[in-house]
Amino acid sequence: MLMLSEADVRQALTMEMALEAVEAGLRSMGLDEVSNVPRTRCQTDHSMLHILSAGAKRLGYIGYKAYITSRKAAHFHVCLYDGKTGELLTLMEADYLGQVRTGAASGVATKYMARPEACEVGVFGSGKQARTQLLAVSKVCKLTHAHVWSPNAERRHQFAQEMSQVCGFEVVPAQHPEMAADDKDIIITATTSREPVLNGHWISDGTHLNVIGSNFLGKTEIDVHTIQRSEIIVVDSKDQARHEAGDFVQALEDGILHWSDVTELSQVIVGKYPGRIHPEDVTLFKSVGIGIEDVAVAGRVYERARQLGLGKQVSW
278 MLMLSEADVR QALTMEMALE AVEAGLRSMG LDEVSNVPRT RCQTDHSMLH ILSAGAKRLG
338 YIGYKAYITS RKAAHFHVCL YDGKTGELLT LMEADYLGQV RTGAASGVAT KYMARPEACE
398 VGVFGSGKQA RTQLLAVSKV CKLTHAHVWS PNAERRHQFA QEMSQVCGFE VVPAQHPEMA
458 ADDKDIIITA TTSREPVLNG HWISDGTHLN VIGSNFLGKT EIDVHTIQRS EIIVVDSKDQ
518 ARHEAGDFVQ ALEDGILHWS DVTELSQVIV GKYPGRIHPE DVTLFKSVGI GIEDVAVAGR
578 VYERARQLGL GKQVSW
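Residue 593, in the working numbering, is where the sequence shown stops; the numbers in between run on with no holes.
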C-alpha cells in the first residue's frame, strides 16, 4: 500500500489533471457505469464524521473519502482499492485533494454551461475553496477580469493580489457585494454563510452560477429569486442534493422549484440534457461534492505519485 502525505498529493496533483479526472468520472456516471453512495454523517457532541464512497469499472478503482470535523480542526483522507482484486492500493491525505476536486467539478460544469465567450467572473468568498474555484474556471474559459467580495477587506485584498498572480489576469477586490455580480458572465459563491450572499436581482442575463459553499440543509448562499432567474439547474447528484442542498429549500417549499426541474451534471456531459439552450439563459450549477469525484481524482494522484516515486510503501 502506498501512503501519500498532503505534501505528496500537492506535488502530484494539478488542476488540469483534476478537471480531466472529474469529467471522466462524471461521464462514466452518466453512462450508468458508476456506483456512487451519497455522503453519510455520524455525529457526537464534539465531532462529525463524513464519508463518501464510489466505484467505477472504467476507472478501475473503488474507494471512499472520509473526513472528520470539529470546532478545532478538520482531517481528510482517501482510501483507494483495486476495482477488480480488492487490493488496498493507497491511503492519502486529502485536504488539498478535496479543494481541487471541488474546483474541478465547477470547472467542468462551467465548460458545459457557461457561454463560450465568458470572460468576466465574480467571486463571493476568499478562502481556499474560492481559490480553487477561480483557478478551475480560468482553465476552461479565457477569463480577462475578476472581482472578489468578502466581508473581510484584508482577506479580499489578499485574495485579489494572490490570485492575480496565479491566474494571470487582474483580480480586483469589490467595494460592495453587488460589484462581484454586476455584468458578470460567471459568478462563483464559495462561502461559509448561512444566509444568502447573492441577490438574484444583481444577476445579468446569460450568467452562469457555480454555487458550492453549502452542503447542509440549514445553509444557503443564494436567495429564492436566484432560483427563479435560473432556466437550467444542475447538480452533481440529485440523491445527495435532496439531503444537502440548503440553497434549494425555500424555493422547494414555495413551489418555485421542483426536483423534476433539476438534472445531474453527468447527464449534461453525455448529452442527455442541455447545459444551456439560449445565450441569455441564467444557468446554475449547485455542487454538494460526491464520492466519484474524489475517487476519480485520487486515482490520478495515485498513478502520478507512482510515476514520480512519491510516498511510502507500507506492508498491509
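Hints are not guaranteed to be accurate.
[Unchecked claim] Distance windows between CB atoms, simulated:
#1 Gln505 to Ala284: 40 to 50 angstroms
#2 Gln527 to Gly404: 43 to 53 angstroms
#3 Ala284 to His520: 55 to 65 angstroms
#4 His555 to Met278: 45 to 55 angstroms
Worth flagging that the hints you see were computed from the coordinates, not collected in a lab. For every residue, glycine included, the Cβ atom is placed at its ideal position computed from N, Cα and C.
- prompt: Do the beta carbons of Gln527 and Gly404 sit within 43 to 53 angstroms of each other?
  reply: violated, 25 angstroms
field: C-beta pair Gln505, Ala284: status relative to the range 40 to 50 angstroms that was hinted
entry: For Ala284 against Gln505, whose Cβ atoms are near 46 angstroms apart, the range 40 to 50 angstroms holds.
query: Between His555 and Met278, does the beta-carbon spacing fit 45 to 55 angstroms?
result: holds, 51 angstroms
- request: Starting from the range 55 to 65 angstroms, see whether the pair Ala284 and His520 falls in it by beta-carbon distance.
  value: violated, 34 angstroms
In this structure, the hints that do not hold are numbers 2, 3, in rising order.
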